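If you want the building blocks of each chain, they are given just below.
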Amino acid sequence: MKRFLLLSLVFGLPILLVGISVEFYNRNHNTYKAKADYVEKNKDQIELAIFGSSQNWHAINPEYLTIKTAPFAHGGGAMNIDYLVYERFKAELPKLKAIVFEISYQSFERKWNSNWSNNHLFWMYYGINNYDGPVPLSERLLITANPMAYSKKFIQGIRHPERSAYNEFGYMPRNGSLARIKYDTSKIYSTPSLKRRHHKTNLNAYQFNSDLLNKIIHDCIAMKIKVILLSPPKFYIYNRHMEAGKLKRRNSILDNYKNIDQVYIWNYERTFEFKNEWFADPDHLNDEGSKQFSKIFNERVLSLMEDSGINK
Amino acid sequence: MLFNSIEFAIFLPIVFGLYWFVANRNLKLQNLLIVASSFIFYGWWDWRFLLLLIFSASVDYFVGIALEKTSDLKKRKILVATSILVNLGILGFFKYFNFFVDSFVDAFTLLGVPLSGISLKIVLPVGISFYTFQALSYSIDVYKKKLEPTHDPVAYFAFISFFPQLVAGPIERATHLLPQFYTKRTFDYAKAVDGMRQILWGLFKKIVVADNCAVFANRIFDNYTDYSGSTLLIGAIFFAFQIYGDFSGYSDIAIGTARLFGFSLMRNFAYPYFSRDIAEFWRRWHISLTTWFRDYVYIPLGGSQGGTGEKARNTFIVFLLSGFWHGANWTFIAWGLLNALYFVPLLLLNKNRINTDTAALNRILPTLKETLQIVITFFLTTFAWIFFRAKNIGEALAFTKGMFSKKLLTIPSEDLTKVIIPVIILVTAEWLQRNRQHALDFEGRKIYRPIRWATYYAIVSIIFLLGGQQQEFIYFQF
Numbered sequence: 001m002k003r004f005l006l007l008s009l010v011f012g013l014p015i016l017l018v019g020i021s022v023e024f025y026n027r028n029h030n031t032y033k034a035k036a037d038y039v040e041k042n043k044d045q046i047e048l049a050i051f052g053s054s055q056n057w058h059a060i061n062p063e064y065l066t067i068k069t070a071p072f073a074h075g076g077g078a079m080n081i082d083y084l085v086y087e088r089f090k091a092e093l094p095k096l097k098a099i100v101f102e103i104s105y106q107s108f109e110r111k112w113n114s115n116w117s118n119n120h121l122f123w124m125y126y127g128i129n130n131y132d133g134p135v136p137l138s139e140r141l142l143i144t145a146n147p148m149a150y151s152k153k154f155i156q157g158i159r160h161p162e163r164s165a166y167n168e169f170g171y172m173p174r175n176g177s178l179a180r181i182k183y184d185t186s187k188i189y190s191t192p193s194l195k196r197r198h199h200k201t202n203l204n205a206y207q208f209n210s211d212l213l214n215k216i217i218h219d220c221i222a223m224k225i226k227v228i229l230l231s232p233p234k235f236y237i238y239n240r241h242m243e244a245g246k247l248k249r250r251n252s253i254l255d256n257y258k259n260i261d262q263v264y265i266w267n268y269e270r271t272f273e274f275k276n277e278w279f280a281d282p283d284h285l286n287d288e289g290s291k292q293f294s295k296i297f298n299e300r301v302l303s304l305m306e307d308s309g310i311n312k
Numbered sequence: 001m002l003f004n005s006i007e008f009a010i011f012l013p014i015v016f017g018l019y020w021f022v023a024n025r026n027l028k029l030q031n032l033l034i035v036a037s038s039f040i041f042y043g044w045w046d047w048r049f050l051l052l053l054i055f056s057a058s059v060d061y062f063v064g065i066a067l068e069k070t071s072d073l074k075k076r077k078i079l080v081a082t083s084i085l086v087n088l089g090i091l092g093f094f095k096y097f098n099f100f101v102d103s104f105v106d107a108f109t110l111l112g113v114p115l116s117g118i119s120l121k122i123v124l125p126v127g128i129s130f131y132t133f134q135a136l137s138y139s140i141d142v143y144k145k146k147l148e149p150t151h152d153p154v155a156y157f158a159f160i161s162f163f164p165q166l167v168a169g170p171i172e173r174a175t176h177l178l179p180q181f182y183t184k185r186t187f188d189y190a191k192a193v194d195g196m197r198q199i200l201w202g203l204f205k206k207i208v209v210a211d212n213c214a215v216f217a218n219r220i221f222d223n224y225t226d227y228s229g230s231t232l233l234i235g236a237i238f239f240a241f242q243i244y245g246d247f248s249g250y251s252d253i254a255i256g257t258a259r260l261f262g263f264s265l266m267r268n269f270a271y272p273y274f275s276r277d278i279a280e281f282w283r284r285w286h287i288s289l290t291t292w293f294r295d296y297v298y299i300p301l302g303g304s305q306g307g308t309g310e311k312a313r314n315t316f317i318v319f320l321l322s323g324f325w326h327g328a329n330w331t332f333i334a335w336g337l338l339n340a341l342y343f344v345p346l347l348l349l350n351k352n353r354i355n356t357d358t359a360a361l362n363r364i365l366p367t368l369k370e371t372l373q374i375v376i377t378f379f380l381t382t383f384a385w386i387f388f389r390a391k392n393i394g395e396a397l398a399f400t401k402g403m404f405s406k407k408l409l410t411i412p413s414e415d416l417t418k419v420i421i422p423v424i425i426l427v428t429a430e431w432l433q434r435n436r437q438h439a440l441d442f443e444g445r446k447i448y449r450p451i452r453w454a455t456y457y458a459i460v461s462i463i464f465l466l467g468g469q470q471q472e473f474i475y476f477q478f
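Those protein sequences? They're chains A and B, same order as listed.
Going by this note's numbering, the letters in the first sequence line up with residues 1 to 312, in that order.
Going by this note's numbering, the letters in the second sequence line up with residues 1 to 478, in that order.
Calculated directly from the structure, the hints in this document are not laboratory data.
Keep in mind the model is a prediction, meaning the values are calculated, not measured.
Even glycine gets a Cβ: it sits at the ideal position worked out from N, Cα and C.
Among the hints, a few may not be true.
[To be verified] The following label-pair restraints were derived from C-beta to C-beta distances:
1. A:Leu5 x B:Leu372: 57 to 63 Å
2. A:Asn239 x B:Thr417: 56 to 62 Å
3. B:Arg267 x A:Leu137: 32 to 38 Å
4. A:Asn175 x B:Ile54: 52 to 58 Å
5. A:Asn251 x B:Leu372: 53 to 59 Å
Okay, chain A solo, but in the shape it has when bound:
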């Protein structure tokens, strides 16, 4: 037995050391930390908060915005998570004048529960608990929450630090499948995963999220915060293959807010749709696309902040 334990210990020790290195590296190199740190540092001056999924995250680089922005859009984000972040921070951002919520075609039919793989990040960096009960033991460390993903990130970070580089706002350029296939649209058509994105429907989530959005909007109106409902640019193939019923349901929610004061619907889905070279993949802008869109977005937000009323 002694021999078994001793050899197990000797065998396990290097694995443990690597595990500690992986944890240490990832704790200090991730966009959630960058975002949380930025918000913490600038919370008294932040006037705009951007929520949403990776579509908003990769579409708007706060580097090109001239007002202090809380970058709360995250990869795989969903409205119920956005709501938790909003609730957590709304009292801590005294100068907040506007918030951006994503109203992309898939936004309303996604809801993350206790099993979501990114819950641990929201708990670690924003103090948000999206678990059914207390935070599970395995979710308290990055390496135990998702050993495979963080090991890969660690190796990639060491081998190609430029690929996982991000700025102080936690913005990260996206390099995707369109560049890899040299923007050959015929290849997109033969790859269902590129063509038929977000076709899954979830009517329960839809109902839940539409009620949630309504709640947030009324809360913001009461606090005199403007609400921008934004759908960032998408590639034409993505637009063409949207599931009709799902799109109709999304649009019916938007119809409810068309004439509500303080609520602004900015739908850019088709604005750049034929600009192949500005897309990373069918539903995300690449760095250049993000730069172009961020500038447009900035001008429009500034106008709104000045209360010119032209954007309604």
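Since chain A is already given, all that's left is putting chain B on it; use the hints.
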């Protein structure tokens, strides 16, 4: 609690430590520890289902004692029938209630008599098919006087709930596992190390092979109308490796874990994809279930003793039941039927016991004939897996139609390198070790520790770097 989870990685050393250092002087205490840790392991999913497990097991325990007290055949039959009815009743309710109601309604609707059925929201308790069959083996063996009933409830509950194999097998026979709880276990270094190796290989099969194959197989099966015939074929092959990696990986971890505690569990997989015919495949795939059906269904039905018709009938019954055991869906029944159709000709021609040894025995490479046999058997089983994986029969047929289209000869439209590498590692390692219990079975071989350890570290690195997204074990749903 999943074997491939952090919770289990913490749970296992704690139970191991308590078992060998705290409870080691008292057999009863060791068994009690196994019962307690098994209940924690199972209750991690949903503690309420523990009550079901305890109830089902208690019935068989008391039936066993009652069987001992009577020699009246009629009473004995009533007792064993009670055990069968209770176990299959529980299984039937939780697993098949909605299926039978829906099928009944569909049948009447087809006949022009529309009925409105009731559908209950029934949650399937994890592993119910496994522990039910294990408990049944106990009462049937006691009835057949192959086994003395136990008067030790702790040993009995340890046998029923033994955590390494509780939720997905191997389905142990009482005659094999229960006596192991009566005897003192001593720590055996060689067995424990071999157990660790088997766990490592099981984790590789599950995390690297199955979880990576799952990503592609799910994508292809979920969007089969959009893919070319060649991609559909690749999807079916990936599913074949997914289910093998998933289920045999689980069995490896279960057997390896049991060895750490001084137990020997039966082998559940013996490199089934190297089989040269379907009969050999079924001697090598899910051995604990196949032999369960052989001993408790096929042989009582008359086995191979009767004429041609009876043999074929018994085989069909066993395969259909085996399909139905997997789940309440016509797809599983179709899968069982297909396998019966593959198997029956061999049985009737008396060719079902031709390949009883290992392929390419004493050689590194198989002969051309063996290669062809292995490839054909693999594709036959892969074809049957399409029915197993599809959501319904219509989807399975459409998938098959798409696969055999002109586009079968085109280049697949997915980048598959990430999955092909683990599959190649799996097939190569298992081929080289096909005469041994598992791919990392080095017992009796002199391999320098640095080489062995380098191999283990390489596998650990592959698990961490090439591992797929964590997926639940497929067989948990059965």
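Hint check:
1. For the pair leucine 5 of chain A and leucine 372 of chain B, the supplied restraint of 57 to 63 Å is violated, since their beta-carbon distance comes to about 49 Å.
2. The supplied range of 56 to 62 Å is broken by asparagine 239 of chain A and threonine 417 of chain B, whose beta-carbon atoms lie about 31 Å from each other.
3. Judged by the Cβ atoms, the range 32 to 38 Å given for arginine 267 of chain B and leucine 137 of chain A holds: they are separated by roughly 34 Å.
4. With their beta carbons about 55 Å apart, asparagine 175 of chain A and isoleucine 54 of chain B fall inside the hinted range of 52 to 58 Å.
5. In this structure, asparagine 251 of chain A and leucine 372 of chain B meet the distance hint of 53 to 59 Å, their C-beta atoms being roughly 58 Å apart.
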